[in-house]
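Fit chain B to the given chain A structure using the hints.
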Amino acid sequence: MPVPDLDLLRGTLDLLLLKTLSWGPMHGLGVVRWIEDVTHQRLQIEEGALYPALHRLEERGWLEAEWGYTEKGRRAKYYQLTASGRRQVSAEVTKWSRYSEAVRLVLTTEGAR
Amino acid sequence: MTDRWEGLRRVFRLPLGSRGIQSEIDAEIRFHLEERVEELIAKGLPRPDAEREAQARFGDLRRVELQMERIDRRTARHRARGEAVLAFARDLRFGLRALRRHPAFAIAAVLTLGIGMGTAGSIYTLLQRVVLDPLPYPGADRLVRIKNPVPGVEKGDEWNLSSAQFFHYRDRVPELASIAFYDAEGVNVALFGMPKRAQATIVTASMMNLLGARAVKGRLLDARDDATGAPSVAVLSYGFWRSAMGGDSTVVGKSILVDEEPVVVIGVMAPGIDVPPDRGQTIATPSDVWLAARLSPAGPFFNHHVHRTIARLAPGADLAAAQRRIDRLQAGLPQAFPNAYSEKFFEHYGFHTVLYPLKQYVLGEMARNLWILFGAVSLVLFIAFANVASLLLARLETRRRELAVKGAIGARRGDIAREALAEGVVLASAGAILALLVSLGSTRWLVALSPPGIPRLDAVALDGNVLAFTLGLALVIAIALAVVPAAQHGGIPSLAALSEGGRSGTGVRRQRLRGIMVVTQMALALMLVVGSGLLLRSLQRLRAVDPGIDPAGVVTLDWYLPYQRYDSLTKVWRFHDDVLRRIRAIPGVVAAGASEELPFVTGFGCTVQGFDEEVVFDRLKEAGLTTCAGQAPTTPGYFEALRIPLVAGRYLTDDDNLAPERGAVVVTRAFARRFWPGENPIGKGVNPNGRTKPPFYHVVGVVGDLHGTAVDEPAVMGIFYPIVAMPGGGRWYPSEMHVVVRTSHGDPLALVSTIRRAVNEVDPSIPIANAATMQTLVNRSMGRLSFTLLLLGIAGAVALALAAIGLYGLISYVVARRTSEIGVRIALGAQPGQVERLVVGGALRLAAFGLLIGLIGAAAVARVLGGLLYGVAPWDPVSYLAAVLVLGAVAGLAGWIPARRAARVDPIEALREE
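From first to last, the protein sequence lines are chains A and B.
If you're matching positions, the first sequence starts at 1 in my numbering and goes up one per residue.
If you're matching positions, the second sequence starts at 1 in my numbering and goes up one per residue.
No wet-lab data here; the hints were simulated from the structure.
Be careful, since some hints might not be right.
Said to hold, decoys possible - Restraint ranges, calculated between C-beta atoms of paired labels, are given here: (1) A:L43 with B:G44: 23 to 33 Å; (2) A:L43 with B:P48: 22 to 32 Å; (3) A:S84 with B:S378: 34 to 44 Å.
To be verified - From the derived model, a few chain B residues whose C-beta atoms are all more than 10 Å from chain A: (4) A27; (5) E51; (6) L61; (7) F166; (8) M245; (9) N303; (10) D318; (11) F382; (12) A552; (13) R619; (14) K684; (15) K693; (16) L855.
Claimed, not checked - Residues on chain B that point at chain A, a partial pick, calculated with CB under 7 Å: (17) F31; (18) E38; (19) E39; (20) Q55; (21) R57; (22) F58; (23) G59; (24) R62; (25) V64; (26) M68; (27) T75; (28) V476; (29) S568.
Because the structure is a prediction, the values reported are computed rather than measured.
By construction, the Cβ of each residue, glycine as well, lies at the ideal position given by its N, Cα and C atoms.
Pulled out of the complex, with its shape left as it was, chain A reads as follows (with noise of 0.2 Å):
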C-alpha cells in the first residue's frame, strides 16, 4: 500500500484508539491486538508510531494511564478514556463519517466531460 499522507493517518490512527479503548481500559498491545483481530489482519498498526499516539491523547487529556498487571501477572500501562475523551470519541466518529460519505460520493457519482 502506497504510504498516505502523514496527518492523515494519525488523525485516523487517534480515531482508532479512541474508539477502541471506549470498549474498557487496554494496554498499548491489546489495543493493536483487537485491532488486528476485528479487521482480520488486514489493518497492522505500525508499532512504533503507537505509543507516542497514546501519549500524545493521553497529553490531550482524553487518555488516562494507569500501570496494573496483566492476567499473567505482569506489569503493563493501561489506558482508558476520560469522560472528555469519551466526547472527542463521538466527535471523530461523526467526522470521519461525513468525510467517508464524502469520499464515497466522490467516488459514486459520474463526473463531466
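Chain B in isolation, oriented as in the chain A frame:
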C-alpha cells in the same frame, strides 16, 4: 476485568523526575516487546529471531523513546501546574469555610489587618515621595543651598544671599561647579492688552541648567541674556503658556509687557520644572514667567540678602570642603564690597554663611515628622498583627478537639499546617485588598488635607511601590500568622490528652505567650495614646493662641503698581485712596485697607530702623540685638479691616497721607517692647531704612501683636508707615500691596468681582490676584503643624481601638476555655459578681502590667516628639493620666462584657461541654 479495576487503588502519580519518566517508558516498551516475542516464539521462531523481529516492527526504537519522553515531560509539567493550582484552591476553600464559621473573628481580623496595612502603606508612600525620593533635578543629591544665619538678629533666623556674595563666591569657589539664584515676585503681565497677574521667577542663567530645564518651544535663558544691558527676554512656563496664551504656537518672538516693560518671549519651558518650594511658604505659587537677573558685577551692592540659591558641588568635592572655602572667603567681603559689608556688621549680627544639602533644606522638619508618623503607624501595625495572631491562637485552642479527631483519622501535620496557612493566606489576602483600598482613599485624603508647601506632595499617588509594599507586608503577615500557630501547636493533640481536660504543660506555655501579647499590646497602645494626647493638646494650645486679627469675614487680594506710571508716592496714595473709597462704598463692606505686609502670609521681613535716641542703640548693642523690624507702608482702614486691636494712641488716617510732614507711624506692641522697654512709646522718634538723620517719624499709635507666618513664632515687631513719605525723609517704594476688605455678611469671596470693577474704574491696566479669605490663609499657616498632629492623633485612636479588640478577644477566649469551670462554680453557688471578678481578674492584671511598662515607653516617645510639642511639657501629667484612664476603662469594658456572659452560663450546659 472490571473487578480488578475496582480493587486497584488510584495512586497514579506521574513521576516528576526525568529518570522516572524514562524508566516508565522503558517498562512500557519492554512489556510490549516481551509479549510480542512470546507470541512469535509460540509460532515457532527461535528466541533471538523473535527478538529481532519484534524490535524491527517498532522501527527506530530510540527515536520512539525520545518522542515519548518529550510528550511525557510536557504532560508532567502541565499536571504539576494544574495540581498546584487545585491544591491551592482547595486550601483556600477550606480556609474560607473555616473562617465563615466564625464571622466575627474573620471580620475583626480582616479589618484590623486592612486598616493597619492600609495606613502603613499610605504613610510609606508619603515617606517615599516626600523624603526618600531625590528632588526632581539632575544630580539632585549634589545640589546645595547657601544661607546666612544671623543669630544676632534672631536665633534661628537665616538670610538669603546678597548679590555681592553671589559675585564674590561665583568664581572663587572651585568646590562649587556652579552657583545660581532665583527671586520670585508677583508681576503684572499684559498680553495683548489684557492685564494679568503672574508669578515671575528671576534667575541667573546658570539656574536653567541646574534645574534640568528643557525648552519645548524656542530656547531657554542663557549667559548672553543675563548680561547687564542685554535686551529683556522671558521664557514662559508650560502651564502659563497654555492657560494665558492658549498654547499659541507662534508665541516665540512675540512681545509682552511685564510690569509695563516690553519683553520678548524667547521660549516655552517643558512642563514639570520649577524651583523648589520655600520652607514655611503658606501659599506655593508655580512660576509663570522666567526672567533673567541681569545683575552687573560692577554693582551697586547693598546689604540686601534676598536671593535664594541653588549651587552644584563640583565632581569629587564634598560639602565640607566647599564650606571651608566659603568660610575663608567671607573675610574678604568687607574689602571687596565696602558699601555693603563692614567688620562690625559681621560681629553685630553674627553673620556667617552655611551650606545645606538642598533636599534637606527644602524638607525642613517635614522629614522628621514623617519618620515619626511612620514609626507610629508601624507600632499600630504591630499591634494589629499581634491582635490577629493572638486571635488565631485562641481559635486554634478551641479547635483542639477537632484537630485531635482529624489526627486520629490520619491527617498529617503537613496537612493541618497547610490548612492553617490557607487561613492565614485568606485573612492576609482579604486584609491586603482592604488595605489597598484604605491606602488609596487615605493617600488621596492625606494629599487633599495637607497644607501647601510640603514639598512634592502633589507628586504623591498610589503607585507600584505601595502595591509592592502592601503585598509584601501581606505575605509576611500571612506566613507569620500561619507559622505562629503551627509552631505553637507542636503536634496534633491526641484524644487521650484531650480527655484530661486540657491542663497540660503546653497549655501553660500558650497562655504565657498570649499573656505576653496582651502586655505588649497594652504597652504599645499606651505609648501611642500618650503621644497622640500630647500632640492633641499641643494642637489645642496652638488653636487657642490669639492670632492678633479677626480673620472671619475678610477677603484679601493683592495688586502691584508699576513704578513707570506711579513714579511718586503721592500717585500711589491717590490710586489706593480712590480704589479703597470705591470698595468701602460697596454694600456690606465694613472696612478696607492695604499694606505691604499681611499677617500669616508675608512674614514681615527685617528692615533696619533708625532711632533718634542714642540710648536705644546702646541698649540693643548691650543685649546683642539689632534694630531691624517688619516695616510696611500701610493705608488707613487696614487695622480696622483686620480688627487688629488698638492698644494705645490711634490708627493711621487719611490725613497722615495728605499731610505727610506730620510723620505719623503705628507700631505693634512687640516693637514698642523691644525698642522702648518700660516706656511710653507714643511720641518716640523712628525712621525707616536705617536713616538716623532728622526729620524723624513719631509713634502715634500702638496695636496688638501680630504673627508673621505662624502662630508658634514669636510676635512680629511691626512698624506701619503711611504711603506718602515725609518730605526730606526716607524713600521707599511699595511693591506688592495686600488689600484686606471686611464684609458684614455673606461670603467674602463674593465681593471679588465688584472689587475688580472698582479697580478697573480707576486704572484698567492693574490686575488683581490671589483673592482668598483671610480665614483660609490663617488655616493654611497652621496647616503644616496640625497636619502632623492630626495624623498622629488618628494613629493613637486606631491603636486604642485595636488594643480594645485584642483584649476583648483574649478575655472571650479565656472565658470560653473555662466555661466548664465556671459552670461548676455556679452550680456550687457562686454569685455572678464573683464569677465575673474571677474571670476578669487575671486578664486585667496583665493589662495593668502592660500599662505600667507602657508608661516607661511613653516617656521615651514624648522625648522623641520633643520639638513638635507646643505649650505642653513632655511629662504633661494630664495627657498621661488621661491615657491610662482611657485604656484602663477600655480594658475594663473589654473584659467585663464577656465576663458578664460567662456569669450567665447555664451550669448544666457548661458541664456538658466537658
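Hints, one by one, checked against the model:
As the Cβ distance of L43 of chain A to G44 of chain B is approximately 25 Å, the hint placing it in 23 to 33 Å holds. Separated by about 29 Å at the C-beta atoms, L43 of chain A and P48 of chain B satisfy the suggested range of 22 to 32 Å. For S84 of chain A and S378 of chain B, the Cβ-Cβ distance of about 53 Å falls outside the hinted range of 34 to 44 Å, so the restraint is violated. With a minimum CB-CB distance of about 7 Å to chain A, A27 of chain B fails to clear the 10 Å threshold, and the non-interface call is violated.
Under the 10 Å C-beta cut-off, the non-interface status given to E51 of chain B relative to chain A holds; the minimum distance is some 14 Å. In this structure L61 of chain B is not separated from chain A by more than 10 Å, as the shortest Cβ-Cβ distance comes to only about 8 Å. Interface exclusion of F166 of chain B from chain A stands, the closest Cβ pair being 78 Å apart, more than 10 Å. The Cβ of M245 of chain B lies farther than 10 Å from every Cβ of chain A, with a closest approach of about 67 Å, so its non-interface assignment holds.
The beta carbon of N303 of chain B is kept farther than 10 Å from every beta carbon of chain A, the shortest such distance being approximately 88 Å. Even its closest Cβ contact with chain A, about 65 Å, leaves D318 of chain B beyond 10 Å, as expected for a residue assigned away from the interface. In this structure F382 of chain B is separated from chain A by more than 10 Å, as the shortest Cβ-Cβ distance comes to about 49 Å. Distance check on A552 of chain B: its Cβ is at least 77 Å (rounded) from any Cβ of chain A, clearing the 10 Å threshold; non-interface status holds.
No Cβ of chain A approaches the Cβ of R619 of chain B within 10 Å, the least distance being about 99 Å, so the stated non-interface status holds. Once the 10 Å rule is applied to beta carbons, K684 of chain B is consistent with being away from chain A; the minimum gap is 101 Å. No Cβ of chain A approaches the Cβ of K693 of chain B within 10 Å, the least distance being about 105 Å, so the stated non-interface status holds. Taking the minimum C-beta to C-beta distance to chain A, about 67 Å, the non-interface status of L855 of chain B holds against the 10 Å cut.
Restraint check, F31 of chain B versus chain A: the minimum CB separation of about 5 Å is within 7 Å; hint holds. A least Cβ separation of about 9 Å between E38 of chain B and chain A goes past the 7 Å threshold, and the interface hint is therefore violated. The interface hint given for E39 of chain B is broken, as the beta carbon of that residue sits about 9 Å from the closest beta carbon of chain A, more than 7 Å. The beta carbon of Q55 of chain B comes no nearer than 10 Å to any beta carbon in chain A, farther than 7 Å, and the hint placing it at the interface is violated.
For the restraint placing R57 of chain B at the interface with chain A, the shortest Cβ-Cβ distance is roughly 5 Å, inside the 7 Å limit, so the hint holds. The beta carbon of F58 of chain B comes within 5 Å of a beta carbon in chain A, closer than 7 Å, and the hint placing it at the interface holds. A least Cβ separation of about 3 Å between G59 of chain B and chain A falls short of the 7 Å threshold, and the interface hint therefore holds. Interface restraint check for R62 of chain B: the shortest CB-CB distance to chain A comes to about 11 Å, outside 7 Å, so the restraint is violated.
Residue-level restraint check for V64 of chain B holds (minimum Cβ-Cβ distance to chain A is 5 Å; threshold 7 Å). The beta carbon of M68 of chain B is positioned within 7 Å of a beta carbon in chain A (closest approach about 5 Å), and the interface hint is therefore held. With a least beta-carbon distance of about 4 Å to chain A, the hint placing T75 of chain B at the interface is held under the 7 Å criterion. A least Cβ separation of about 38 Å between V476 of chain B and chain A goes past the 7 Å threshold, and the interface hint is therefore violated.
With its C-beta approaching chain A no nearer than about 97 Å, S568 of chain B sits outside the 7 Å limit, and its interface hint is violated.
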